[in-house]
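Peer 1: Chain residues, written in single-letter form:
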Amino acid sequence: MNVPDPFAGERPKLSPFHPRLKALNVREAWSAWNGYKFAEYYYDAEYEYFCVRNRVATYDISPMQKYEIKGPDAEAMLNRMVTRDVRKIGLNRVGYTLWCTDEGRLIDDGTIFRLGADRFMLTCGSPCGAWLAKSAFGFDAVTISDWSDELAALAVQGPTSCAVLKRMGLDGVETARPFDIRHFDLRGSSLMVSRTGFTGDLGYELWVSPEHALNLWDALYEAGEPYGIQPYGEAATNMARLEAGFIMPAMEFNEALKTVHFEHDQTPFELSLDWLVDFRKPHFSGRSALLREQQAGPKYRLARLDIEGNRSAEGSHIYRNRRCTKQIGYVTSAMWSPAAKANIALAMIEPKFLNGEMWAEIYYEKELRHYSRVARCTSREKPFWTPARARATPAPDF
Amino acid sequence: MSVSSSPALDAIVIGAGHNGLTNAAYLAKAGLKVVVLEKNDYIGGAAVSRELHEGFTYSNCSYMCSMMRQAIHRDLNLSRHGLILVPYLGTVNSGDGDERLISYHDETAAYLELKRHSPHDADAMHRFQADLTRYSQLIRKTLLRTPPDPARLRPRDISELLFLAKQFWSMGEAQIYEYIRFFTMSAAEFLDDYFENDLIKAAMATPGIIGTALGVCSPGSAYVLLHHVMGDVDGNIGAWGLARGGMGAISNALAGAVREHGGEIRTQAGVRQVLVKNRRATGVVLDNGDQLSARIVVSNLDAKRTFTRIMDASDLPDGIREKADNFKIRGSSGKVNIALSALPKFTGVPDNPYVNRGGQAFSGSMETLERAYDCWKRGRWSDDPFVESVIPSAWDPTVAPPGQHWMSNFIQYCPPQLADGPWTAEKRDQFGQTVVNKIERYSPGFKDLILHMEVRTPHEIEQEIGLTEGNIFQGELTLDQLFFNRPFPGYGQYRMPVRNLYMCGSSTHPGGGVSATCGANAAREILLDLRRPNSVPEDDFFDE
Ligand SMILES: Cc1cc2nc3c(=O)[nH]c(=O)nc-3n(C[C@H](O)[C@H](O)[C@H](O)COP(=O)(O)OP(=O)(O)OC[C@H]3O[C@@H](n4cnc5c(N)ncnc54)[C@H](O)[C@@H]3O)c2cc1C
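So the protein lines, in turn, are chains A and B.
This note's numbering applies: residue 1 is where the first sequence begins, and numbers increase by one.
This note's numbering applies: residue 399 is where the second sequence begins, and numbers increase by one.
It is possible that some hints are incorrect.
[To be verified] To give an idea of the chain B side of the interface with chain A (calculated C-beta under 8 Å), a few residues:
hint: 1; residue: Ser477
hint: 2; residue: Leu487
hint: 3; residue: His503
hint: 4; residue: Arg642
hint: 5; residue: Pro751
hint: 6; residue: Asp794
hint: 7; residue: Pro795
hint: 8; residue: Gly801
hint: 9; residue: Pro820
It is worth saying that the hints were derived from the structure and are not from the lab.
Every residue gets a Cβ at the ideal spot worked out from N, C-alpha and C, and that includes glycine.
Modelling step: build the complete structure from the supplied sequences, incorporating the hints.
Peer 2: This is the structure we're talking about:
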């Protein structure tokens, strides 16, 4: 007899790749993302990070939110919503973008895929169906469908990612430029490949319908076997994205629609994402507020810091002086970067102090005793990890 | 300094080993005009990677990295010069028979594995690790510092001695006694205090004999053990990693730093003689007869080679030649690099992508290790040697064609001179076969995978990179040759008995291994003498 599971309603959902992920999650290190069971890591977080930097690794991004936006008004509607000019995203191209409240506060970031003249896919970390519906107000000829459960997705990242995809039979994939979309036939199912990712390295994202997810996995892992292909989880993602200087919700920004306290959310300018705000395009949500902010100057700037010593500055305050009497900002994410061999951080700093001295007060624990150190910070122009292969076309084999 | 004959060069560094390159990088960074002269047509010395079989990049000598100071990596921007160090997981230690001991990163997995062999030892491992970490922390603090001279006692020697005393006393009385004992103990005695299982002991003992002319039961091997576990990868003390692209990537990145700061590196420029006038080094004569002069000369060669091969006895103060002749630099290791058509499998090892990937130590037992040493003492290579194998290509996609592999095998013991006459190509190959036979025992079918082999005895190592007697550390790591005694008592601060002559190789403190420390410390002393601001970092770890 089948006894009904009394917890059925509260158990996390399983990704289309779950049967394979489960077998490889030797450490049973699970968390959750958007209702799906999701791996923190599989075998060893640091090892997985190095697979991303040195070889090839896969990240199950099926729990990401995906929406199809379709119809004659689709382009105009999206252009009204996001800060970038959607008209400039060509066919089979992807654009990274932001969307804000009328007050210019950041709701979320994500990518827009142009799949046709009148057809787009928007992907983002948190559900935004309600905001999309609101943004479509006044646009009659647009339909929005939630594809989140209808599309499985797998990021394939790392220096040998292209070599593995070629070995899987994706002929010509090496000619895809960054942010290109390509379509392939994989053992009878259609596979969409975008040269995108969240690691700052060479990498791709693969999109298939859930019923073909395991076929894709098996083909990929067969091709990747000699390359030591390995799944990675949230922990390695967070390391790689920080080295690449990418922002994360609940780290660098508090999603505006979930923010209680006044201005505890952020603006694109505060996050130093000026290049994503296009004032030359037609009106968009948050435009006037952002224009005002541009003129007055933002209250904070997100800076990349190189900090002396090796202790991570996680949660540290940043001061203008070594004595730590004048606070000028705070660290949003920090870690020791194994690839850059530097103690790195992203931090929100009051702009007028950006060119002066900066000191982080770092707290750390050693066998239950607590210590603190004041460490000098240097601000860096470029991301900590920017290998040439990430931009090279044709993509190299390693 | 006489103005009339002021040389165009500030410094000549003899030898483009990784320490010579580190030294040159810091001198160039300080604005000096530097030339590095290397006898081979490639750079790197024992930190080198070469393609000897098409598609396969061997790390011909050193193969793993743990001692490289991250303060230098960071300071010289070696990541930007292409260096990335990748830690690797899980070494498998094999006993004489079917026993296998796997060292896992994951704490739970590691504990369960030890417990399978001995519940007692699984518990004891915690105390062992804590003690070893405490001992290594003290040494780690001295790595990027110039040792004090306890006889001269200038203000800086006194302050350096006080620094050490403070570190020492902070361990507490009981531990101070233990620590002093540690320096003269054998690895076997040290381990007996913790463990009962023989394979666990053998596995823990092998770092104590690597590169050493000592056996697991010889006094002094406990320190060598420490020398091999005091490194770290990204702060994980004792961890070992691979350089992406091979160990040569470290030297290449350092060469990048030398050039970035305007230094010059010349290959096929062997030095025949250091020129000395009025007890001052003034330059060098190359093998091709060319002469170069400079304000200072730095030797990356080992102490024996520096003072007996490229210097005239008459240029040296009394006693130095004897010291050089007596410098202990007995070679004891071989290296066999093998190109393979596929990944070998090892019996009794779980077949998963993390473990069965080539980190194999054929340790045998304490008895086997000691017997291996007995052969060396009698002028033979061990007939059942200790072999440490790594398959870098299972981790690094750049060093072998996809699906094919190269295997690095480090062998203990192999003597520099054979009792039955000189090394010949034939004997070298027999030594290679001994190693292959040993691996085949643990990996049936291994021989069929071999595409190419490079067999290196101490003889080849000396011929190619000039490590005297093939000693991998440029001089043995025994207390009489460590710290302020390295290379000779009274010369522990990188300045040599002739003015304007310095040493920067592993013959100096803190000794062998790919660490870049010797070169960096020597640069600090040179800059001090030349009255330049110091630009050489100390370790930037917050107190661990
Ligand atoms: C087989 C082997 C395995 C090892 N494994 C490891 C390991 O896994 N990990 C680790 O950390 N360490 C290892 N070591 C030790 C480590 O590689 C050495 O201690 C270190 O590389 C020495 O560096 P160095 O710069 O001090 O000297 P060297 O590398 O010896 O450099 C000296 C340089 O001087 C050049 N030279 C010699 N004579 C002349 C001349 N007359 N004129 C001009 N140039 C000259 C040589 O060609 C060479 O380039 C190993 C060593 C060996 C030999």
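Peer 1: Looking at the structure, which of the earlier hints fail to hold?
Peer 2: 9
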